[in-house]
Every structure is written in C-alpha cells, then in structure tokens.
Amino acid sequence: MKLSDLTNHAGEWLRGSGPMSEIVISSRIRLARNVAGFPFLAKSSRGQRTMLEGRIRETILSSQIAPQTLYVDLEQATDMDRQLLVERHLISKPHAAAEGSRGVAIGENETISIMVNEEDHLRIQVLRSGLQLEEAWEQISKIDDSLERRLDFAFHNRFGYLTACPTNVGTGIRVSVMLHLPALKLTGEIEKVFRAAKDMRLAVRGLYGEGTEATGDFYQISNQTTLGKTEEEIISDFKHVVIPKIIDYEHHARRTLLNDRTTALDDKVHRAMGLLKSARLIASEETLFLLSHLRMGINLGRVKDIDVRTVNELFLLTQPAHLQRIQGRKLEGDLRRAVRADYIRQRLGGV
Amino acid sequence: MKCDNCNKAAATVHLTEIKGGKKLEKHLCEQCAAQNEGLPVKTHTPINELLTNFVLAHSGLQKETGVGGCEHCGITWADFRQSGLLGCEHDYGVFEKDLTPLLQRAHEGATHHVGKVPARRGEVGVPMKKSVDLTRLRKDLSRAVEAEDYEKAAKLRDQIRQAEE
Ligand SMILES: [Zn+2]
Ligand SMILES: [Zn+2]
Chain A
1 MKLSDLTNHA GEWLRGSGPM SEIVISSRIR LARNVAGFPF LAKSSRGQRT
51 MLEGRIRETI LSSQIAPQTL YVDLEQATDM DRQLLVERHL ISKPHAAAEG
101 SRGVAIGENE TISIMVNEED HLRIQVLRSG LQLEEAWEQI SKIDDSLERR
151 LDFAFHNRFG YLTACPTNVG TGIRVSVMLH LPALKLTGEI EKVFRAAKDM
201 RLAVRGLYGE GTEATGDFYQ ISNQTTLGKT EEEIISDFKH VVIPKIIDYE
251 HHARRTLLND RTTALDDKVH RAMGLLKSAR LIASEETLFL LSHLRMGINL
301 GRVKDIDVRT VNELFLLTQP AHLQRIQGRK LEGDLRRAVR ADYIRQRLGG
351 V
Chain B
1001 MKCDNCNKAA ATVHLTEIKG GKKLEKHLCE QCAAQNEGLP VKTHTPINEL
1051 LTNFVLAHSG LQKETGVGGC EHCGITWADF RQSGLLGCEH DYGVFEKDLT
1101 PLLQRAHEGA THHVGKVPAR RGEVGVPMKK SVDLTRLRKD LSRAVEAEDY
1151 EKAAKLRDQI RQAEE
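Chains as they are written, first to last, in this note's numbering: chain A, 1 to 351; chain B, 1001 to 1165.
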C-alpha cells in the first residue's frame, strides 16, 4: 500500500454505517505508551529519538498487527502528505507540524494508526465507523498486547502506564466519539450538551481534536479521567450513559424540527443542496456547514436521491490536501475554491 | 455567579462535597479553587488550565518537600510547571509527593491505577486485588450518590480514601 492509494476513497471508518451512524460518525480509542529505559520526548536527544523511532518502527512492522501496514516517515514526508494524514485523522496536527525523527504506521483500511514519537513514544489509535467502542477496545488491546511482547512499556505499580503528561497517566486511554449534532445546533440546545458533558468530566472538541473549533456541527466528546477507572468502565460509561443521552437529545431536536418546523427544516436542507449543486466558488468551511445540513436532510428522509455515503466522502475529499491530491496539482485561493465547487457539483449531479 | 470564598471573581469551578450525609455545593473562582485541595471536582475549566493554575498555586511546595531535579533526565519541578510535561519515567517517583495532589485534581480524586497491566508485570505481582476492591467501592459510591443516599456515600468515600493510602 502506498500513501497515494489513500486519496481517492474515504477511510473504512467513514463508510457511514455501523450502529447509530445517523448521529455517531466514528468511535476512536487511543492508548499512550512509552518505552521503558528511554526518556520521554521532551528530554530525548536527537540520537535517542532516532534510535527509538527505528526500534519502534521495526517492532510494529514485525509484530504483524495488520496484514498490510504502511509506515510513513514523517521527517521525510512533504507538507501536503502530512496534511493529508491530518485530514484523514491518522495523525494529529502537532505530529504533522513537529520536527525530528517521527512517523506513523497505518493498517487495516486505516482503522489502525500508530503515531511514533508524538507527545509519547507511541500513540496507538483504532478508528471505527458508528458507535463501536467495545469492538475498538478489543482490537486496540490486542495490538497493545502484541507490541508489549516485544517492547517494555514504562509502568508503575501505583500510577499505571506512565505518560509524558500526567493528565494521561494510568490507562493512557482516550476514548473519543465524533457526533453529528445539527438539530441541537439549529434549535439552540447545543450549549446544554456542552454543560452536561463538562459536568461529566468530558472534553468537547472540534473535528480535528484539541484546540480546534467545532465545524459543520461535528463534535468530538472525549474522557479526561485516565486514572482510577478501568478501561472497560470508561468505555461502558460512554456506551451506556453519555452517548445514548446525547443521541436522545439530538433525536428529540430532530423530531421537533420535523414536526413543528417542517418548512424551516426543508428550507435549510434544500438551500444547502441548492448551493452545493450550483456554486462556482466554495470555501472548505462553507462546504462543511452545507454538507452538514444536507446530511441531516438525508437522515430525516427529506432528500432521497443522494446517498449519505457520498456526503461522508465529500466531507473528506473536499478538504485542501485531498482536493489537491485528486487534481494532482497545487491549487491556491480562488482556483482551489473553483475546483472544489466543480468537484461537488459533479459528485452531486448539480447544474 | 460570584465566588463563595472571595465574593469578587466569577465562580467557574463548581465543587460538590458530601459532609455528614449532606451534599454541599461550593462555587469558587479558579484561584480560590486551586487553594482548595482533595475534593472531588466538578469543573468547567479545561484540564490544562486547571493543571497550570493548580501548579502555580502550589509553587511553594518545591521548597517544602525539598525535591531537586531528576538525576536521570535532569528535569526540575519548575521545568515541569512551565511545560506541563515530564522528562522520564522516573519523574513519577521523584516528584510523587508533588504530583499526587495534582493527579487527584485531574482524575476525580483518584491516585491509583486500576486498569490493564502489562502481561509480564502481572506475573511479578502487582497488587491487583486491592485495585479490584477499589473499583467495586467506587461503583458502590456512584450508585449511592445517584440514589442520594449520602450517608452511605460518605462511608464509602472514607473507605476509598483509606484503601488509597
Ligand atoms: Zn474566589
Ligand atoms: Zn526524569
């Protein structure tokens, strides 16, 4: 598998299926691990960093965590390739921007990614479509086990898995569920969800994690507590308490729109579709908001001739690095906006 | 809402405490909250900000505990305060005293790992039984709080504290 093979389709996790997929876009679990005997990255020398990267790379590739694993050396990768990996949620923004020896291993239809030398030596991630947290945990725990057979992870009897930042210590687990909540946004109730989430000690973030704004009505909900609870408890809280509650809120808001504000709802949905099908210049942020409304319209049965999978793909493929990869050239400013508008019209059968 | 303690700054940290079977709510500003230790915290503050505030409020600790730097990676408590990142695995032992209250703040009062253990460690005898008991106690506690049985909750909380020592 090559990096260029990724460009023309959406990752497995975006196929728009899986439990609760009308609201839950994806489930992600990440584990932070450090190799015993090496300092954490802030205190690693250039040489230690390079040695570590080589050793972890070799371990991952020989552990056969997936039938086919692509390893990308990020020190050598171009800006655009790194941006592409961020857009696909395979690496974090800081990992793309950092310097020095580092990389990412990608496996099994992009459901697995292992960042090497990010804030911790290893950040193992499993990404799945819809609400599939238990499945993701089972898979990631197996990957963790197989790496652990060949690497000694820094572990403390009292503090558990040791991480560079004490906010991750213990299990090192970060559970994140990406939700599409357009109706709560439209009915002005989204703030309630934020408040409830914060009361439950959860973080609400945007599409690309820490420090990013929520765009296009997509919100990532993650745990902040990693010590004093088992992985299973954290996951079970999400699966049985947190996420069902938010899904209920969103369903309720959607029903309200559908029953009491049908015309206003249809207006939003069809305006979005009209713009997407006829615009000649369109920015990526506007695209996200319009696609969000269109996606809601499809899920509520107000739009019948467009597949939700097409919309999910457009979310990904209209972003800057993807668009430029598909076109095979660098695109700036108005030219990029024009190419994006053309591409969307072509995919949606516009005018 | 104004801070219950100084009555000046806006209350952004909301604490819930169970005392004598009664549920008490405190609304504090960040500074006053940072000086208030050992309570389970309900917070609206992003965790990094909380950490920074807490660490700053306890900058005096370094002198009291007389902790120097880590001999393995050279990091000092002051370095950590600035970056929020530790330098190596030994730091958790070196700064254990200073880190513990901070971890309690960041992790709903918890100071002990109860989750997965590396297979090889399991063989050499991590105190697993204690962890399991704590997990059960915590579950009972949250059930008691949900049922608003604060008397039972207070007892369970004492038991958890004892077990954690
Ligand atoms: Zn105050
Ligand atoms: Zn150290």
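Calculated from the structure, these hints are not laboratory results.
Keep in mind that a hint or two might mislead.
Here are a few chain A residues that face chain B, going by a calculated C-beta distance under 7 Å [unchecked claim]:
no. : residue
1   : F159
2   : T167
3   : L227
4   : G328
Computed list of chain B residues with no C-beta within reach of chain A, every gap over 12 Å [stated by the list, open to error]:
no. : residue
5   : G1068
6   : A1119
7   : S1142
Computed from a predicted model, the values in this text were never measured in an experiment.
For each residue, glycine too, the CB sits at the ideal point set by N, CA and C.
Exercise. Any hints this thing doesn't respect? Which numbers, in order?
Worked result: 4, 6 and 7
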